[in-house]
Structure formats: structure tokens, C-alpha cells
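Engineer: Protein sequences appear in the order of chains A and B. The numbering used here numbers the first residue of the first sequence as 1 and each following residue consecutively. The numbering used here numbers the first residue of the second sequence as 1 and each following residue consecutively.
Simulated from the structure, these hints should not be mistaken for laboratory data. Note that CB positions come from ideal geometry on N, CA and C, so glycine has one too. Don't take every hint at face value.
What the hints assert, rightly or not - Now the in silico label distances, taken between C-beta atoms and shown as ranges:
1. B:V217 - A:K498: 37 to 43 Å
2. B:Y225 - A:S324: 30 to 36 Å
3. A:L71 - B:L367: 53 to 59 Å
4. A:L428 - B:K498: 54 to 60 Å
5. B:S12 - A:I210: 26 to 32 Å
6. A:S9 - B:S12: 16 to 22 Å
7. B:E70 - A:A18: 17 to 23 Å
Claimed, not checked - To spell it out: a stretch of chain B is covered by chain A in this simulated footprint if at least three of its residues, at any positions, have a beta carbon under 8 Å from a beta carbon of chain A; those stretches are:
8. 15–28
9. 82–90
10. 241–253
One letter stands for each residue in the lines below.
Number of protein chains: 2
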Amino acid sequence: MALKPNQASVDSITLFVALLSSCIVIGHLLEKNRWFNESITALAIGLCTGIIILFTTEGRSSHILVFDEELFFIYLLPPIIFNAGFQVKKKQFFRNFVMIILFGAVGTLISFVIVSIGTMQLFKKLDIGFLDIGDYLALGAIFSATDSVCTLQVLNQDETPLLYSVVFGEGVVNDATSIVLFNAIQKFDLSHITPSIFMEFMGNFLYFFITSTLLGVGVGLISAYIIKKLYMGRHSTDREVALMILMAYLSYMMAELFSLSSILTVFFCGIVMSHYTWHNVTESSRITTKHAFATLSFISEIFIFLYVGMDALDIEKWKAVSKSPGTSAGVSSILLGLVLVGRAASVFPLSFISNLFKRSESDKFTLKQQVTIWWAGLMRGSVSVALAYNQFTRSGHTQLRGNAIMITSTITVVLFSTVVFGLLTKPLIRLLLPSKNLSSTASSESLDPFPPKPMTDLPLANGQTADAEGGRDNIPRPTSLRMLLATPANTVHYYWRKFDDSVMRPMFGGRGFAPIVPGSPTEPLLH
Amino acid sequence: MALKPNQASVDSITLFVALLSSCIVIGHLLEKNRWFNESITALAIGLCTGIIILFTTEGRSSHILVFDEELFFIYLLPPIIFNAGFQVKKKQFFRNFVMIILFGAVGTLISFVIVSIGTMQLFKKLDIGFLDIGDYLALGAIFSATDSVCTLQVLNQDETPLLYSVVFGEGVVNDATSIVLFNAIQKFDLSHITPSIFMEFMGNFLYFFITSTLLGVGVGLISAYIIKKLYMGRHSTDREVALMILMAYLSYMMAELFSLSSILTVFFCGIVMSHYTWHNVTESSRITTKHAFATLSFISEIFIFLYVGMDALDIEKWKAVSKSPGTSAGVSSILLGLVLVGRAASVFPLSFISNLFKRSESDKFTLKQQVTIWWAGLMRGSVSVALAYNQFTRSGHTQLRGNAIMITSTITVVLFSTVVFGLLTKPLIRLLLPSKNLSSTASSESLDPFPPKPMTDLPLANGQTADAEGGRDNIPRPTSLRMLLATPANTVHYYWRKFDDSVMRPMFGGRGFAPIVPGSPTEPLLH
């Protein structure tokens, strides 16, 4: 068809969609393999395609699209984070809230300080171009953004709920913290830090956190209220699903517009939507949204890894570095070392502190669990790449030599950590948390990026769809019973439940308070 | 967040998403209204927003995004057409295949000839800028692209299956025909038409149709084969859904790449996917894809109408026209008149011909039904606008006076036909096809763009999801029984069924041949 303003874009979209499809198929075929996972498959396919393009274009280019932050932050990240909030086990998440904030926010700050100071001290000895204090602090933020997807694919949510929710929750808070830090660094003049500037910085940081959360909660509640009041599903499921998708995206874009942390906003919007809105829609909308959000998140993730793999071979960046391979290797090694140290310096002391406040022995983190948490945060992923591009390039191109080295080193660290650490994750966790946590069925069932429940659960089949917290909490199984005895009666949670039941649910719907649509298929099943 | 390369794009995306949400809510509230429908609501909201933007920018601009064909043809159109193929009642569609092709292809050609010759003759008397023969032929193609969504929202698929499938199928074939025509016109040098060039043109046209269809069928079968062979759903529903979405989109982009008719390709890909692939996936994937595709199509449609409404007030285009409002009004009236005449000249003779070949009286089109078909094709929509922009602007801007008049006239015709004809559709059809076709429940239930079944059907509730052709064909109700007696035993269809059952289904899956996944929720329900 002649209606293409831009033949190149049709070419590249076609190739990209074909590669995404092949990633899914190959990822599925390699599923039984104990080393591989979907991220590594996508990275590998991206690298191979990059090599082929490099040969066919005779070394001119290795990628079909220039790494575009807008694409990443406006289209690919929102579905991933929203789905994370939507599928999170809310009870677990809020029960371990303090620990998640401890690891996610305080841990990221520790790692940030160590990487920043470490690079400042160590890079002086290497012959790299000029970097100012803002660049060093940015490096701290860039290399504090972890990518725990890889570990989550191996951990089993049902067998180690505490570990899973800490690693998962920490990952989200960590993303938000490092991006908020990064933005604060770009905004503030940090060449002369005074106590008052520091206080302003911290105030800004807190303001970000609170307003972003409130915005997400607000938009989520509005969506619940509209859908409950209007009984949309009575006439059209599509309208409900469309409204949920649009409102979720709206929360993200509004946060962007108001210069808030859009990641936190859309995450909390996802939590609120799964707690209220999801219960107000029809049966089929529930199944649809649950799987559609997971699918969108899944496609976005593969997209990012494919992209990073393809971009890694971009010839332009490596040219500036090729004259001094030693320096570049040194920078990458230093960064990798600082990542390992920074992560250790946050996980082990924080685990020690959190263990102090726990009464029951069984609830404390064992050394093996601490090592698992440490390992889960070693991988660096797409957020690091996106932040590095933002700091060290101008519209995808690198001019200064120092900046070029930073970009190539970031890619090296991301590739190395994802591939090498990623490949070791399955065997390592099998070694650390044996048998109980990695039975063969459990591992194959939890290969989804965010698998809230195993596929074969019956509730989905007879229409009583899987609520992230519903159903199974009614039957106290050994683990949750033990946890219930171990943790002190949580008074905050008790009052929240009371408030939720008496004020929130009657207003915004939710389990047990969803509108009864006469003659609808949900009626006989839910009531 | 500071990570936005382009503040303007964040602004406009936020506003656009907010407007889309409000369209859904307002559209829902106006549902009971006998005049309004979702398209008109979106157009009206777009117009209002345009006015507000016009005032706030002090007359500089009325839209937040420049009309972008790439956006339209690469992102918005594919989900709409794919969903049309995916949700079509295949039996009805193929039973009336000859009639659909007759109305869709031959009818469009008649309308094309009439509009082209009519404009050539009538525009000479008006003082408009220079237009060459290519422009006149393009106008023929532009104003032959109908938009029957409006009528489909009012017709009931179950009560007038023949009428519905003819109007629906014709709409899809018409879209494809007019776009293929338009492209052929742009490609061929039509300043001196010889018989050999005409033959080449026709050959090209046929080649387009056949190869495009085959590509769509091929990609659809590959997706069915992969999903059947790999039993993907065993481990992850998300992977199945992702693969279906990606393969569908891949078929569209491949057709674009090979310069075929991507609309036909993705339409047939949708048909094949719903006939084979859809039966090979798990229960929850089936519900998810069914609703997710419908939702995407729904959002795309509202997006387009909102866009057209907003773009209609673009000040730049009207400036060139404002000096001679009479000429512009004349052009619009002529075009509107030619649309009415061209449609009449195709529908009534073709209905007469098709009635000649029908044995049973009850199967012939009555005059009232003919008027309904005529009316259904009077609306002009987003395809017309996109084609007009392609022919008469260069990257969204209009330089020549003649071109500016063509753009504004196109918008006038689209707005007038959608709003005025659209508002009259419900009352008119209520008048022409009374009681039986527009009972109050039926109308409120079929307000979806492509509602395959009413919401309250029980099969969806107990997991046996609604297959577009399955289930209800087993219980011969009066209408289908009458049709069965009326139409002669279709031998082609008989042999196809035999071939389908013995060769195709065992290979590609499909109803009754889907893989049995042990322990999966589909097993006890389907077998």
C-alpha cells in the first residue's frame, strides 16, 4: 500500500514485531532449560539481530530504531508498573510495607551514596574525559536502579511469601526511588551542597512520594466510583475495560504532567483498581483485564530487552571507546564492583536491623535468604539504560569521550549482569533455598513476569476469578498461619479494614460491595 | 518528572486520554437517547475541545496533534479491521459472500465512477484552483469509502441476519476497495488511459485482492499451528494472547511492507484466527482476546472521531477558504449530492440483480431494506479524511487553494453526514423496519461497535464462551430455519466443511480439534 509516509518505519516495525513473536516462541521452547529465561532470550535475539544488521549495512548501524526515551517512559514502562500494582498480593505487600520501604528507599539511598562516592574516588585514577559532580551523582542513581524480574521468575510466591513480597515490593520502590533521585539531581544545582539545599532536596523527595501516591489512589478511586455508579457492564464490557485502561494510563500521564513520580502513581493506581474497580466490573471484564494487563506488561518487557540487545552493538558508541579498551574495561569493572558492594552494604545491615525488630525466629531473614535478596538486586536493566541515555547523550548521539565511555560501560554492566548473573540465578536459588522453593512444577508455572497464581487454579475455570488476595486467605494454610502468629496483631491494618468496610467499599465498591446487575452472569456466581 | 523530551507531547497525550475517558462516560450516559451514539458524542466532544483550544491559543490552533496518517494507518486502523474479522459471524459472511462482494466491490466502483465523473463535470463551473485528472479520480475513491459503523450500531444481528451481514461485510470490502483504488490511482499515470493500461490496472487490482487475502490466511494459519503444536497455554496464558496480538499486527505490517492491501490481509487474518487459533488457546485466553480485541477497536474508533472533531476547526485550512465561502459551500453540496446519487446508483440496481437470482421471496431485498442499505452507506468517516489528507496536503499543511477547498469540503461532508445522517439513522430504521428490529432491549444491547452477541448470554458465564458461529447454529430458530430452506444447498460450503474437518482442523486446531491440556480448566468444560 502506498500510504506510508515513511517506508523505514514500516520496515522496522515489521521486523520488530516479527522478532517479538519469535522471542515468545523461542522463550517458550527454552522454558524447560534451567539457565535461560525470557529476558535473556530476548537479549540474545536482539544481539544476534544486531550482528546481522551490522553485516548487512556494512557496519553502518546495528539497530533499527534509535533508543528513544519517550518510547520507553511513555509507552513501555507504564504497562509494566501498572500491572505490577494490579497483580500484587496486597495483603502481603502492606503487611511487609515497612520492610519494603526500608529496602526499597533506604537501601537505594545507601547504594546511591556508595556508587557516587566510589566512582568519584576511583575514576580519578583512570584517564576518562571530564565528569562533573552531577554526572557522578547521576551514575549513583543509574546504578542503583535494580531489575529484579529475573529473580521473581524463579522465586515462588506461595512458598516464600515474605521473601517474594520483599524482593518484589523493593523492586518497585527502588525503581521509583532511583528515578526520583535522578530527576532531583538534574533539577538541583548540586555543585555546592549546603544543609539547607540538602533539606530542600529531602523535602522535595518526600513531597514527590506522597503526592504521587495520592494522585494514583485518587484516579483509581474515581475509576471505581464511575464504574460502580454507572453500571457500565450492564450494556458493554468493552466500555468498562476501555475505561480502566484509559484511566490507568491517565494517572501515569497526569503524574508526568505535574512532574511527579509517574511510576509510583501508576503503581498505586493499579493497587486501588485491583482492590475496588476490578470488583465492580462484569465477570468477563475481570478475566479480560487481568490477562490483558499481564500480556501488555509481558510484551513491553520483551520489547525492552530486545531493544537493549540490539542497541548494545551500536557502532557509533564503541568507536570513541575502541582506542582505549583498557579504560573502558576498567570503568565497567569498577561499576560492577561498586554495584556488588553497594548492594551488600544495603541488604545485610538492613536485614540485621529488620531482624532486630522481629519477635519470632521463623520470621527473621536467614543468611541464605539475605544472600537471595542481595542477588536479586544485582541485575541492572532497562531503567539504567534509559537513565544513562538521558544523562550522557543528546537525542541518541554521544559527543564527548567521557560520555561515550559511560554509555558503553552502562551497556556492558547491564549485559553482563543480566546474562551472567541472570544465568546463575536459577542454579543459585536452587542451591540456597532447596527443594521447598524450586520444585519443578513451581518453577515452570511461575515463568510469567508477574504470576499471581498458578494457571491451573480452579477458581478461574468456574468463573470465580482469581483475586490477588481473595479466596485463599480464608483458608489459613501453614505458612500464613505461622505468619499470623509471628507478627503482632496489626492495629493499623485492623482499623483500615474497619474503615474500608464501613466507608470505602460502600462508596467505591470492592469485594462484596460490587453492584448486583440483575440477570447478569455474575449474579448467581458471586452471591 | 523531568524525563520528558517533549513537554508538548505529554500535555497532548494527557488531554487526549482524558477526553477519551470522558467520551466513554458521556457516551454511556447518552446511551438511552434515541438520537445519539458514541461516534457523534466523540465528534461533538472533539468539536467543543477544538473551540476551547481555539480560544485559549487565541485563534492560533484548534487541535493538539496534527492529523497524522501514520498514526491512523499504522496504529488505529489495524485493531478496528482485525476485530471486524475476528468477530464476524463467519457462516453468515460466507453464505452471503457473493452479495457482499457485489455490493462492496462493484458498488464501490460504481460510486467511484459517478463521483469522479460528476466532480469533473460540475467543478468546472466553480472557481476553484487547478485539479488534475488524478485529483478527480482520488475524489472518487475518497468519497466512495463509507462508514457504516453508525448503522451497525442500530441494526440487530440476530433479527435481520441477512441485512446485517450484507451491510457489515460490504463496509469492510468497501474500505479495502476504496483504499486499493486510491493507491492504484496514485501509482499509475492516468493522464492518458489506454485499454492496455486499464487492463493492467484491473489486473493489479485483482492481484492486490488475492495476494492480500492469502497473506492474511497464511499468517492466521501459522499462528494456529504454532499455538496448537506448542501447547503454550499449559504454562502461560499471557504468552498465547501476546502471540495472537503480535501475529495479527504482523500480518498487517507485512501487507504494508509488500505493498498489499493491509486492510484485507488483517481482516482475513482475523477470520482465520477466530476459526482456528481461538479454539486452540485456554479458556481465559479466549475470553481475554475476545474482549481485548473489541476494546482496542472501540478505543481506536472513539480516538478517530475525537480527532476528526478536533481537527475540523483547524484554522489554517479555513483561512484559504474564507474568502470564497460560496465556492466552498458549493463544492461541499456537490460532493454530498454525488454521494447520495452514487450510492443510490449502486444499491438499487445491484439489489435488483441480486433479487433476480434468488428463489425464495422471503430472501429478496424489500424496498425498505434496500433503502436501509442505501442509508447505511451514506456516512463518510475517518478513512475519507485520511485519504483526503494523503492526496491534498503535504505533511499536514495545505498550500494550494484548490487543495485547501478539497480538505475543508471533505471535513464538511464527513461532519454533515456523520452528524445529520447519523442522528437520523435510529429514527429512520425504526420507521423502516419497525418493532421487530428495534425493540428497546435490542437497541441498548447492540450499542457496541461490533456486538457479536448480547451481553447477558449465558454461555459466557459458565465458561463456554461465545463463538461467533458456534452454539446457536445448533438450535435452528425461525429465521435461520427459513433461510436454510430458502437458500439452495450450498455445495461449495459442503465440500469446504468436509475439507475443513478432514485436513484443516486436524492440522490447525479449531472447534473440536483443540489440544486437550490435562488438568486444564478447559478440559471438563469442552469435552
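Engineer: Decide, hint by hint, whether the structure agrees.
Structural biologist: To see whether the hints hold, each was checked on the structure:
1. B:V217 - A:K498: 37 to 43 Å: Given about 59 Å between the Cβ atoms, the range is violated.
2. B:Y225 - A:S324: 30 to 36 Å: Violated - the Cβ-Cβ distance for B:Y225 and A:S324, about 51 Å, lies outside 30 to 36 Å.
3. A:L71 - B:L367: 53 to 59 Å: Given about 55 Å between the Cβ atoms, the range holds.
4. A:L428 - B:K498: 54 to 60 Å: holds, 57 Å
5. B:S12 - A:I210: 26 to 32 Å: Holds - the Cβ-Cβ distance for B:S12 and A:I210, about 28 Å, lies within 26 to 32 Å.
6. A:S9 - B:S12: 16 to 22 Å: Cβ of A:S9 to Cβ of B:S12: about 20 Å, so the range 16 to 22 Å holds.
7. B:E70 - A:A18: 17 to 23 Å: holds, 19 Å
8. 15–28: holds (count 8)
9. 82–90: Answer violated; 0 residues pass the 8 Å Cβ test.
10. 241–253: Answer holds; 9 residues pass the 8 Å Cβ test.
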